[in-house]
Amino acid sequence: MQARTNGVAAVLSGVALAAALTGCSGSAPAPEAAASAPAASAATAASTGDRTQELERLRAAIAAPAQPFSAALGVESQDDRDHVWGTGTVNVSDVQTSAMGLHSLTGGALLRLNVTTTRDAVYTQVDDSAWEEHGRQPGSVLVVDHRPLVQSLLRPGPDAYRGLQKLRGMNGGMAYHLVGRLPVTEVTDALGSSLRQRIAEHRIEQCDTDLLVDSAGRLSRLELTCAGDGYRAVSSLNLGEYGPASDIPAPSDL
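Using this note's numbering, read the sequence shown as starting at 22 and increasing by one per residue.
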């Protein structure tokens, strides 16, 4: 039992389950009605190559009022010790909920873990064992606000902006692409606690940051590469297929 508990803790600490999606404390991207205009503008900008107008639209999109939403997501975290990856869904509203299926590979040992986070509790299931219920800290959030990262990347000037990129997935669309280096202190909430500790041990101060932000200001991809002192950690998150907000319930097979 103790080994299994330690395994669950290792997986959960190894990856930020839904880090840096959007909207800290339950906020969310621009309303659907407001999002339609930037989407059309992004398509037009793609044909004209007007970076100045694209940047103006990006800044307007991330500054727009927010609406709750749900989305499919994929996460992955890897360094020289652990590899954690998984997929699931997340709901971002006044209280954030999610359902994830995760895999962890450490020292050749593979662990499968299901994690469901409801408004009131966190449920975990290791392999095919029974679900276990854990308390959820009041006011805790599953996602952090990516918009300060966009602002930090653009603060020195427009060089971090690399243009529009076509999104994958059934809904398609275009996304604004930004790359650059950011201090670890600015991206720490987008990393699992295990990676944060190891990055600190190796005295790494900056991480390469790769962002895709859709025309509504929502994060489509965040990839962080933190390397130095012979160590390299990569953490990535992909978000898409946005839909209406709908709370995720507790597992039905408790």
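One thing to keep in mind: the hints can contain errors.
[Claimed, not checked] Here are the simulated lysine to any residue pairs, SDA-like style, with alpha carbons at most 25 Å apart: (1) K187 to A248; (2) K187 to P169; (3) K187 to V205; (4) K187 to V136.
[Said to hold, decoys possible] Pair by pair, the computed Cβ-Cβ distance ranges are: (5) H223 to G128: 15 to 23 Å; (6) D149 to P169: 36 to 44 Å; (7) G249 to G190: 30 to 38 Å; (8) A84 to D231: 19 to 27 Å; (9) G128 to A85: 43 to 51 Å; (10) D101 to D71: 41 to 49 Å; (11) S161 to R80: 41 to 49 Å; (12) G249 to R183: 19 to 27 Å; (13) A151 to G193: 17 to 25 Å; (14) R140 to E226: 31 to 39 Å; (15) D180 to E153: 32 to 40 Å; (16) G129 to R176: 20 to 28 Å; (17) G122 to E207: 25 to 33 Å.
Hints are computed from structural coordinates only; laboratory data are not their basis.
Note that the structure is predicted; figures quoted are calculated from it, not measured.
Idealized CB from N, CA, C, for every residue including glycine.
So, going through the hints one by one against the coordinates:
Between the alpha carbons of K187 and A248 the distance comes to roughly 28 Å, so the proposed pair goes past 25 Å and is violated. Annotation: proposed proximity of K187 to P169 holds, straight-line Cα distance about 23 Å (limit 25 Å). As the CA atoms of K187 and V205 are separated by approximately 28 Å, the hinted pair breaks the 25 Å bound. A threshold of 25 Å between alpha carbons decides the hint, and for K187 with V136 the separation of about 31 Å lies outside it, so the pair is violated.
Against the hinted window of 15 to 23 Å, the Cβ-Cβ separation of H223 and G128 comes to about 20 Å, which satisfies the hint. In this structure the supplied range 36 to 44 Å holds for D149 paired with P169, their Cβ-Cβ distance being about 41 Å. Look at G249 against G190: about 34 Å separates their beta carbons, and that is inside 30 to 38 Å. Against the hinted window of 19 to 27 Å, the Cβ-Cβ separation of A84 and D231 comes to about 22 Å, which satisfies the hint.
Under the hint 43 to 51 Å, the C-beta atoms of G128 and A85, about 46 Å apart, fit the expected range. Roughly 43 Å separates the CB atoms of D101 and D71, a value that falls within the hinted 41 to 49 Å. At about 30 Å, the beta-carbon gap between S161 and R80 misses the expected band of 41 to 49 Å. Separation of G249 from R183 is about 24 Å and conforms to the stated range, judged on CB atoms against 19 to 27 Å.
Taking 17 to 25 Å as the suggested C-beta distance range, the pair A151 and G193 does not conform, at roughly 41 Å. R140 and E226 have their C-beta atoms about 37 Å apart, which keeps the hinted 31 to 39 Å range intact. As the Cβ distance of D180 to E153 is approximately 48 Å, the hint placing it in 32 to 40 Å is violated. Here the CB-CB span from G129 to R176 is close to 44 Å, at odds with the stated 20 to 28 Å.
Restraint check, G122 to E207: a C-beta distance of roughly 30 Å satisfies the suggested window 25 to 33 Å.
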